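Let the sequences and hints guide you as you build the complete structure.
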Amino acid sequence: MDFQYSAIQNEFRATLRRFFAAHGGAAMRTGPRDIAQAWRGDLWTGLAGLGALAALIPEDYDGLGGDSIDALAIMEEAGRGQAGAPIIENAVIAAGLLDRLGSARQKQEFLPAIAAGARKFAFADGHILAPGGAAPAFELTGLGGGKYRVTGRQDLVVEASDCDHLIIVCGSTETGLTLFCIPRHHDAVMLRPFWTLDDRPAATVRLESMALDAGQMIGPAGGGGESVSTVLDLACAAQCAEAAGVMANLLNQTIMHLKTRTQFGQPLANFQALQHRLADMYAAYELSLSLTYKAAILGRQPGTAPHQEAVSAAKVQTAEAARLTGHEAIQMHGAMGMSLELPVGRAVKRLKAMEPQYGSAAYHLRRYQSLRRVLAA
Amino acid sequence: MDLTLSLDELAFQQQVHEFLEAELKPEWRGVSDIDNRTQPEIMAQWQAVLAAKGWLTAGWPAANGGLGWSPMQHHIFKDACSQARAPKISTMSIGMIGPLICVFGNPEQQAFYLPRIISGADIWCQGFSEPGSGSDLASLKTAARREGEDYAVSGQKIWTTYAHVATQMFCLVRTDPLAARPQAGISMLLIDMKLPGITVRPILTIDGEHHFNEVFFDDVRVPVSCLLGGEHKGWDVARALLAFERSGIADVVATRQLLGDVAAIAAGENRGDGRLLDEGDFADRLTKLEIALDALEILELRVMDAAERKAARDHDASMLKILGSETKQKIHMLGIEALGIFAAAWPDDDAPVHPSGAGAKLVVDALFARATSIYGGANEVQRNIVAKILLKSAFEI
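So the protein sequences, as listed, match chains A and B.
So the first sequence is numbered by our numbering: it starts at 1 and just counts up by one.
So the second sequence is numbered by our numbering: it starts at 1001 and just counts up by one.
Since the hints were derived computationally from the structure, they do not count as laboratory data.
Predicted, not measured: the structure shown is a model, and the values here were computed from it.
Where a beta carbon is used, it is the ideal one built from N, C-alpha and C, also for glycine.
Some hints could be false.
[Claimed, not checked] Okay, the calculated bits of chain B under chain A, using three or more residues with CB under 8 Å as the criterion:
(1) 1002-1014
(2) 1317-1329
[To be verified] Partial list, derived from the structure: chain A residues whose beta carbon lies under 7 Å from chain B:
(3) Met1
(4) Asp2
(5) Ala269
(6) His276
(7) Leu287
(8) Leu291
(9) Lys294
(10) Ile297
Next up, the structure:
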C-alpha cells in the first residue's frame, strides 16, 4: 500500500509546478484567451521538453514509457497552475489511440511528433461527451478499393481550431467504431471556431463528403470501440486529477483570502461559519482525490472492470466535490469571487467545463451501478 | 503508488482470517454495541481469546505487551474483525485507559490495573463530560480537594457510557480552581466505582436503551495513589488519547455492511412498479453513498500510509471522524426510508416486522447513531480543528 509519488515523480512535479506557475493561467496578465492561444510554438514545445507530452508514449517512439501515475502527476500540476493546456487531448487520447490501434507507419509518423510537441491533435467524437450512447456524428461510406467518404458534424471539439490533425470516430457502438486521422487544413474540413466556457479554443467540425483512404484509418474498420472506451477512461481519470489540482488551487486561494480579508475588525478566518465551510470544502477535496488516486493506480490495468469502476467512482465524487469547492470558493470570496479578473472564477469555470467531458457524473453513476452488479455476481 | 498489500501484510491478513475462523464462535458474531453493554460477558470471553493470543493489547507499548504492529497491521486486524462481525473490543478499557496507564502510570499502578484490564476483571468508564462542560471540556468543575492521603471528590459527571456496569472510572477532576488557565488545574483520577458517595442514575436515550448515566460524587474519598500522571497534569494525559489511534475511526467495513443491509431491505421493497432498489432516485442516492464509502476507504488507507511514514497530519483523525460518522448517518436514514411504514413502529415484540427482518434494529441503531457526531469531540469541534490547521500560517494544500 503506497500513496506516494516516487522521488523522480516528485522532481517532475516540482518542475511542472514551476513551469505552470510561470506560464499557466495563474501567471496570466493579458487575458485567458491569449494564454489559451499561447499553448503553441515555444511554450508548447517547452512543455514537451519537460516530458509532459511524452510521458505515456512508449520509449520506442521517443516517449518516456510512463503510466497512469505519471498522467496523475502531470494533470494535478496542470490543474494547480490553471494551465488550460491540451495535454489530455494529445498525451492521453491521441497518443493512446495511436499506440493501441495505429499501424507501425502511423506510430512512427505521429508518436514522436506528439512527444516533441511538433504536431497537435484534437479528438472529434460524440463519445467524449456521452461514452457508449452517443449518436454517430460522422457517416462513413465505403467506396471499395480502400476508399471511403465521410460526412457529418461534431458540435464541440476542444482544441479543433488549434490543432494539426483531427482524430474522428465514425459509426456507432452497435456497428463498431472506425477511426481516421485527418488533417485540419483541408477543403472538406469546415470549422466554426468558438471559445469554451473556460476559454479554450474549440470548434464545430463539419466534414462534407471528405474522401479518405485506408492509410488514414487508425486500426481495423469497425474495431476501434474497445480502445476508444479504454482511452476515454484514462482521459477521464486524468481529468479528475486536473480537477483535483484546480480544487487544491481554489482551496489555497480561499485560505489566503480568509487570512487576509478583514471585516468587523478581524480576519475572516476568525469566523466559525466560514471555518466550517472551509473544513467541508477540504474534506470533499480529500475524498475525491482519494478516488482519483485509486483510478490512477488501477489505470495500470486499463480497460478492466475494476479500472472502469474506479474511473466512474472518481468522476462522480470529483463532480460533486468540484461543485462544492467551486461554489464555496466564490461565496467565501464575496463579491470579489464574482470578478472576471480574479483567478477564482476562472478555476470554477474550468471545473464547470470539465463536468460533461468524458462522461457526465450521471453517466458514470449509471455505469458504476451496472459494473457493481457485474463485479458482485 | 500501489494499492496492494505487501507479502508480509498478506501473510498477516491470512493469519488473522484463520484465527477468526477458528476462534470466533458463531454466537459471538454480530453482537451489537447494545448487547456488549447488556451482556458484557460475551465481550469478556472474546477478549480472553484475544488476550491468550496476545493480540488484545497489540497496540500497547512493547514493555506492556504491545506487539509493535505497524499502522497497516492494526488496520488489517480491525478490518478483518469487522468483516467477521466480531464483538467490538472495549474502547474505554483496551483502547483508552490501558495505554494511558502504560504511558503515565507508576509501576504499582501498572501492576495493579493492567492485568485486571486484560482479564476483563475491570470494566472502565470515562468520566469527562459534565452538565456544564461538553465541548468546552476544560471548564469542568467536579472538585478534588487534597485531604491527607485522599482526594475528596464532589461534583457530577454526565453522559457516562457504561457507568452502570463499570467497576472503575478514569475521571477528570479540578484539583486547582485558581490555575491561570483552566486546563492547568485538572487531574486524572482512577476511581473505584464501589467507593462510598458515588451514585449512578440512568439516562435513557431516544432509542429506548440504557447507554448513558449521570454519576454523582458526594465527598468521595479517592486515595492519592489513584492519581494518574501527576497532580494538575490531567489535561496532558487526556490529550495523549488523541494520538493513540487513527485506524478504524471511519469504520468503513461496518458501514459497508450497513449499506448491504439497506440494499437488502430495498431489494425486498416493492413500491408500485418494481423494486425500490432499482428505483432511480433511491438507487442513485444509495450508489452515491457507496461511492463515498469507496472514497473513505482509500482516504483511510492514505492516512494509514502516512502514519507508517510518521507523516500523519494533525487533522486526519478529525476528518475521518467527521466523514465516517456523517456517511453512516446518511446510510441509516436511507435504511429508514427503505423500511417504509415498518420504520414507524416501535420495535416491540408485537410490532409488525419488515419482510427482510431487518426493521426494528436498524431504526434504533439509526437513532443511537445520531450520537456518533456528538461524542468523542462533536463534529463541530472536529471542523474547528480541521479549519484551524488549514488556516495556520504556512499551510498549503
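Results of checking the hints against the structure:
no.: 1; hint: 1002-1014; result: holds (count 6)
no.: 2; hint: 1317-1329; result: holds (count 3)
no.: 3; hint: Met1; result: 6 Å, holds
no.: 4; hint: Asp2; result: 4 Å, holds
no.: 5; hint: Ala269; result: 5 Å, holds
no.: 6; hint: His276; result: 4 Å, holds
no.: 7; hint: Leu287; result: 4 Å, holds
no.: 8; hint: Leu291; result: 5 Å, holds
no.: 9; hint: Lys294; result: 5 Å, holds
no.: 10; hint: Ile297; result: 5 Å, holds
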